[in-house]
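Protein chains: 2
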Amino acid sequence: MRRLSLYLRSLEELERAGVATVSSQELASRGGTTAAQVRKDLSHFGSFGKRGLGYGVPHLAGELRRILGLSRSWRVALVGAGRMGAALFEYPNFRDRGFRIVTVLDQDPEKVGKEWGGIVIRDVEGLESVLREVRAEIAILTVPGEVVQEVVDRVVDAGIRAILNFAPVRLRVPPGVVVNDVNMALELEALSFALARGARGR
Amino acid sequence: MRRLSLYLRSLEELERAGVATVSSQELASRGGTTAAQVRKDLSHFGSFGKRGLGYGVPHLAGELRRILGLSRSWRVALVGAGRMGAALFEYPNFRDRGFRIVTVLDQDPEKVGKEWGGIVIRDVEGLESVLREVRAEIAILTVPGEVVQEVVDRVVDAGIRAILNFAPVRLRVPPGVVVNDVNMALELEALSFALARGARGR
Numbered sequence: 001m002r003r004l005s006l007y008l009r010s011l012e013e014l015e016r017a018g019v020a021t022v023s024s025q026e027l028a029s030r031g032g033t034t035a036a037q038v039r040k041d042l043s044h045f046g047s048f049g050k051r052g053l054g055y056g057v058p059h060l061a062g063e064l065r066r067i068l069g070l071s072r073s074w075r076v077a078l079v080g081a082g083r084m085g086a087a088l089f090e091y092p093n094f095r096d097r098g099f100r101i102v103t104v105l106d107q108d109p110e111k112v113g114k115e116w117g118g119i120v121i122r123d124v125e126g127l128e129s130v131l132r133e134v135r136a137e138i139a140i141l142t143v144p145g146e147v148v149q150e151v152v153d154r155v156v157d158a159g160i161r162a163i164l165n166f167a168p169v170r171l172r173v174p175p176g177v178v179v180n181d182v183n184m185a186l187e188l189e190a191l192s193f194a195l196a197r198g199a200r201g202r
Numbered sequence: 001m002r003r004l005s006l007y008l009r010s011l012e013e014l015e016r017a018g019v020a021t022v023s024s025q026e027l028a029s030r031g032g033t034t035a036a037q038v039r040k041d042l043s044h045f046g047s048f049g050k051r052g053l054g055y056g057v058p059h060l061a062g063e064l065r066r067i068l069g070l071s072r073s074w075r076v077a078l079v080g081a082g083r084m085g086a087a088l089f090e091y092p093n094f095r096d097r098g099f100r101i102v103t104v105l106d107q108d109p110e111k112v113g114k115e116w117g118g119i120v121i122r123d124v125e126g127l128e129s130v131l132r133e134v135r136a137e138i139a140i141l142t143v144p145g146e147v148v149q150e151v152v153d154r155v156v157d158a159g160i161r162a163i164l165n166f167a168p169v170r171l172r173v174p175p176g177v178v179v180n181d182v183n184m185a186l187e188l189e190a191l192s193f194a195l196a197r198g199a200r201g202r
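Respectively, the protein sequence lines represent chains L and S.
Residues 1 to 202 in our numbering are what the first sequence lists, from first letter to last.
Residues 1 to 202 in our numbering are what the second sequence lists, from first letter to last.
Okay, chain L solo, but in the shape it has when bound:
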């Protein structure tokens, strides 16, 4: 699935450059994989290319957008209006991809009632009713680790089936609910691990 996202990014670059067709070899080298892997990945979803002619760039880009659920927009609730929440609220790549933040919630009385780009920050106390009211489909959680499991339980109760979690905590969710974690400390640890190994001469 990550590879599909990367292929789509390459296709969109080619689209902007006005390129009409692309070979699996070319897609592979841009995505850091092999031509055989590209053909295998795409064949799961249908037959897109013509032997010897490659893939039609705009057609394949459109198909990948549809497969990735990007041919429509998604209603996103942001829970946690701290610095990380603010950074994500402004993150241009979310909006460009059709992820629309339709509500922002926080527990801090100083923040509740303030406006971010026309959206009034709501009190997390009313989480369930707010999420239903705005028909949120995805929740982005930038709340502290100590409270994140409680927030997740409430978000799932309100009908959310897809969660992007920024707290460094492994969340428990019922079957049918997808959680992705963005754990920046873990990514930094992978770097220090590599540096420490390098420094020991392995």
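Rather than coming from a laboratory, the hints here were simulated on the basis of the structure.
Some clues are possibly wrong.
It does not matter which identical chain is used: a pair holds within one copy or between any two.
[As the list claims (entries may be wrong)] SDA-like cross-link-like pairs, simulated, lysine to any residue; straight-line CA separation at most 20 Å:
| hint | residue 1 | residue 2 |
| --- | --- | --- |
| 1 | Lys111 | Arg83 |
| 2 | Lys40 | Phe193 |
| 3 | Lys111 | Glu90 |
| 4 | Lys40 | Ala190 |
| 5 | Lys114 | Arg83 |
| 6 | Lys40 | Arg197 |
Assemble chain S onto chain L, guided by the hints.
Leaving out everything else, chain S in the frame of chain L:
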């Protein structure tokens, strides 16, 4: 390596709770894996447990911190003082893990010279000399995708061997340089992919 980080988190929770020993089974269930996997992962780095007695919690935690390069602190340069940079600068998990941001750079004349928590924001024009001066070991890049490859090339020229990249671009680096990407848009796409598939009844 990710699993080692997760084991360490579990061990630190147990340490705080005053627990003296832990079985591979218990570590496995906390890390979402199997006891055999835990034993295999740890055996790569030495012999830590006693058959039938489990692992000593403080000892194993200390060993994992050493293996992960967390028993020392790392000097980190933050390039990009936008909203994401500001959020990361304040991110408590970085400091707790020994990642010390020792310099912040930006290209915006409005930002250069301002202070963040006692650190004066420097002009990215002098990137190479600043990184050498502060002896930075890791670079966190929160710069736009259009310029990130150029910044990476300069950071590598300045001797940096470990990079955490937030731009949605696949970076080219010479051998011996490690790059980890945090791509939040990609994580959201993985959610929309799952929701779109769910909605089609697969």
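Cross-check of the supplied hints:
1. Lys111 <-> Arg83: both (12 Å within a copy, 18 Å between copies)
2. Lys40 <-> Phe193: For lysine 40 and phenylalanine 193, only the inter-copy Cα distance (18 Å) is at most 20 Å; the intra-copy one is 33 Å.
3. Lys111 <-> Glu90: both (17 Å within a copy, 18 Å between copies)
4. Lys40 <-> Ala190: between (30 Å within a copy, 19 Å between copies)
5. Lys114 <-> Arg83: both (15 Å within a copy, 18 Å between copies)
6. Lys40 <-> Arg197: So lysine 40 and arginine 197 pass the 20 Å test across copies only (19 Å; inside, 35 Å).
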